[in-house]
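Q: As a plain string of letters, each chain reads:
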Amino acid sequence: MNLIEALEVLKEPVSPDRPAIRVGLACGFTPLHLETFLAAQLRQRMPGHGIEVVPGLFGDLAGNIERFHAAQCDVLAAVVEWQDLDPRLGTRSLGGWRTEDLPDIERSVELSVSRLERALRTSSSLFPVCVCLPTLPLPPLFTTSTRQASTHELQLRNFVTAFAARIAKEPLVRVLNPQQLDELSGMAKRFNLQSELTAGFPYQLAHASAIAELLAALIQNPAPRKGLITDLDDTLWSGLLGEVGVEGISWDLDRHSHMHGVYQQFLGSLASAGVLVGVASKNDPAQVEQALGRKDLNVAKEKLFPVEAHWSAKSESVSRILETWNIGADAVVFVDDTPMEVAEVKAAFPEMECLAFPRSDPGAIWNLLKQLRDLFGKSAISPEDRIRLESIRAVGALREAVSHDRGTVDDFLRSANAEIEFNFAKQPRDSRAFELVNKTNQFNLNGKRLTEAAWQDTLSNPSSFLLTVNYEDKYGPLGRIAVLLGRIEEKSVSVDSWVMSCRAFSRRIEHQCLKQLCERFAAAEIVLDYQATPRNGPLQEFLAAVAGGPLTAPLRISRNDFLGKCPALHHRVKELVNA
Amino acid sequence: MHDLDSRLNRCFNSVFPDLEAEQVPTASVESVRGWDSLAAVTLLAVVQEEFGLEIGLTDLSGLVSYQAIHNYIRRHNGVS
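Keeping their order, the protein sequence lines are chains Z and Y. Oh and the first sequence: position 70 is 70 in the numbering used here, straight run, nothing missing. To get the numbering used here, take the position in the second sequence, counting from 1, and add 1000.
Hints are supplied without guarantee of correctness; some may be wrong.
To be verified - Selected chain Z positions facing chain Y (in silico; Cβ < 7 Å):
1) Leu3
2) Glu8
3) Lys11
4) Ala199
Simulated from the structure, these hints should not be mistaken for lab results. No residue lacks a Cβ here, since even glycine has one placed at the ideal position from N, Cα and C.
All chains should be built: construct the whole structure from the sequences, respecting the hints.
A: Right, here's the structure in full:
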C-alpha cells in the first residue's frame, strides 16, 4: 500500500454503528505516516469495525506505553527503535560517540529495556500488545569497520533479543517477526535520514507501510484454520501409487523428490500442534494403507485421520472428512497437485481455502509451507490441541457404540462413566476459553465474537462470571469443551455467551451446564442472550427442547420449567470455584 | 500536462479531501485552512512517492502552493 492509497482508504466514510477499536500507537518518533498506514491497513482488514489509532508523545516511548495503561485502549502497538533505548543511537541527539561512551550506552540500553519490559508486562495484563523491535540500522558509532560487528553492537542486539524472548512468553504479547519484516522491507531501504531530521519520522514510506501491514495482521490476529486435507500422489509423495507401487513412490534427495518429505514433516508439525490432517486421494484403499505404513514416512500414519481413498469425486471425500471432524469448510484448507481437483473442491466448498501443490518447484513448495503456516499459526498450543484428534476418534467410537447398542441412550450414557468439571475461576488470560467463544459456530448462543479487550473488560466486571467446562469419559478426555460468560443479577443469571465444542454433543453436557448455573447461583431464572444464526442449529434444537415455547430473544428459562424437562444426567460432577 | 495535473490533483485530494476540484489549482498555504505543518509533510511525501522524486532540504520551504509544487515537478521530473 502506498501513502496516497492509505489516505484514500481513510477518506471512506465509516458507519458510526460499527464497533470501534481503539489502537494505542506507542513510539518515540513522530508517528506521522506510520499512523496513517496502520489505520488504513486495519480499516481494510477489519471492515466491520471503526478504527481509531491514538498516538503518544514525541521522544518518550516508555512513557507513552505507561500512559496508555489508563487510556482505555483495545490493543497497543509498540514500535521500538534504537534511539528509544538510548538517544545516542539515533541521529537527532548529539550526546557523544566516543569510545569511552560505548559501555555507558550499553548500560543505558539495558536499563531502557528493563523499563520497557515492565511497562509492556503491565500493558499485557490490560489488553493485547503487539511489539515491533528496532528495525533501523545502528548508526556508525562503533570502532570496527561496517563489515565487522563490534562486541558492543552484538551486546546491544543481545539485550533486545533477550527482552523480546522474555515478553513473547506473555499470553497477550505478540512480537512482530523480524524475519518477515526483512522479507518485505530490505534493510538498505528503511532509513530516511532527511525525514528524520526534518520531521522526526525516520522511515522510508515503503518501510512504514511494511511495518503497518505486519502490525495490522498481528492486531487482527485471525483465528487459525482447524484442519488440512491433503492429496497423496505427487503431493504427500512423488509418483503415482497405482503406477509405481508402494516402493516406487518417493520423498528423497536421490530421486529429486525431497520437498515432498519436507511437506510430510510440515504436516507432522501441524498435527502435533492440534491441526487435523485428513487425506483425500483417488487410489486403491488397500495400496494406500500399505503406502501410509511405510516406516520412512515423515508424518505418523495415525496422525492422518480420516483417510478417504477411493475413486469417487474429491468433493465427496472432503464432505465426509468434514462430517467426521464436524467443522465448517471455512476452517479447512485443501491441498492437491491437480488444478482440476482443486477447482472441483473449490466449486463444492467456496468458503474453503483450496491450494495447488506445486510439485515440481521447490521454491514454490517452500512458499506454500509459509502460506500454510500463516493460515494455521497460533500463539500457543493448548492441552486441548494435543488431544483433539484422539477426542475426534473417541466421538467416532461413541457414535458407533450408540448405533450398535441395543440398550437405551440412558443406558449408554450411564455406562460412559463421564466426569464433568465445572470451573468458575475467572482467568482473563485463558486463551482457550477466549478462542472457543470466537471460533465455535454450531452450539453458539448468538454467534457474537469478542475482541480480546472486550473479553478482558467483561471479566474485570465484578458481577460477571465465567464458567469453563472440562469433560472426560471412558472413550477419552475431550478437554475444555464449553464456555459460558454472563452476569449474576438479583434473582436471575444472564448468559451473554455460551459455546460448546461440536465434539461434546449428545452427552447432555449442555443440560448439566444449565443445571449447574441454577444451583451455583440459586437462580430462579436464566436469561439467555439468544440469537438464531445460520449455523447454530444444534443450539436451537437444544433450546427448543428445554424452553417449552417459541425461541425468543432474549430467551428466559425458569429453573422449575427446566428441571421439569431435563432428562436424567449421569455424569459425575466436580466444581472448582473462584480462588 | 494532463497527466501531471490529474496525478497532482489526486495527491491534493488525498491530503485535503474537503477541497473542491476547482479550488485545487489555486490551493496554497494561505488559502487552505488545513495546510499546516503536518499536512505539508504528508502532501510532500505523497508527491515524492507519486512522482518518484526526492525533494531536497533546501527546496522544502518554497513548496507552499499547488503551482509551486507543479513547477517543481516539471523542473525535476520532466513530466508533461
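Q: Against each hint, give a clear statement of whether it holds in the structure.
A: Here is what the structure says about each hint:
1. With its C-beta approaching chain Y no nearer than about 5 Å, Leu3/Z sits inside the 7 Å limit, and its interface hint holds.
2. Residue-level restraint check for Glu8/Z holds (minimum Cβ-Cβ distance to chain Y is 6 Å; threshold 7 Å).
3. With a cut of 7 Å, the hint placing Lys11/Z at the interface with chain Y holds, because the nearest CB-to-CB distance is about 5 Å.
4. Hint status for Ala199/Z relative to chain Y: holds, with the closest Cβ pair at about 5 Å, below 7 Å.
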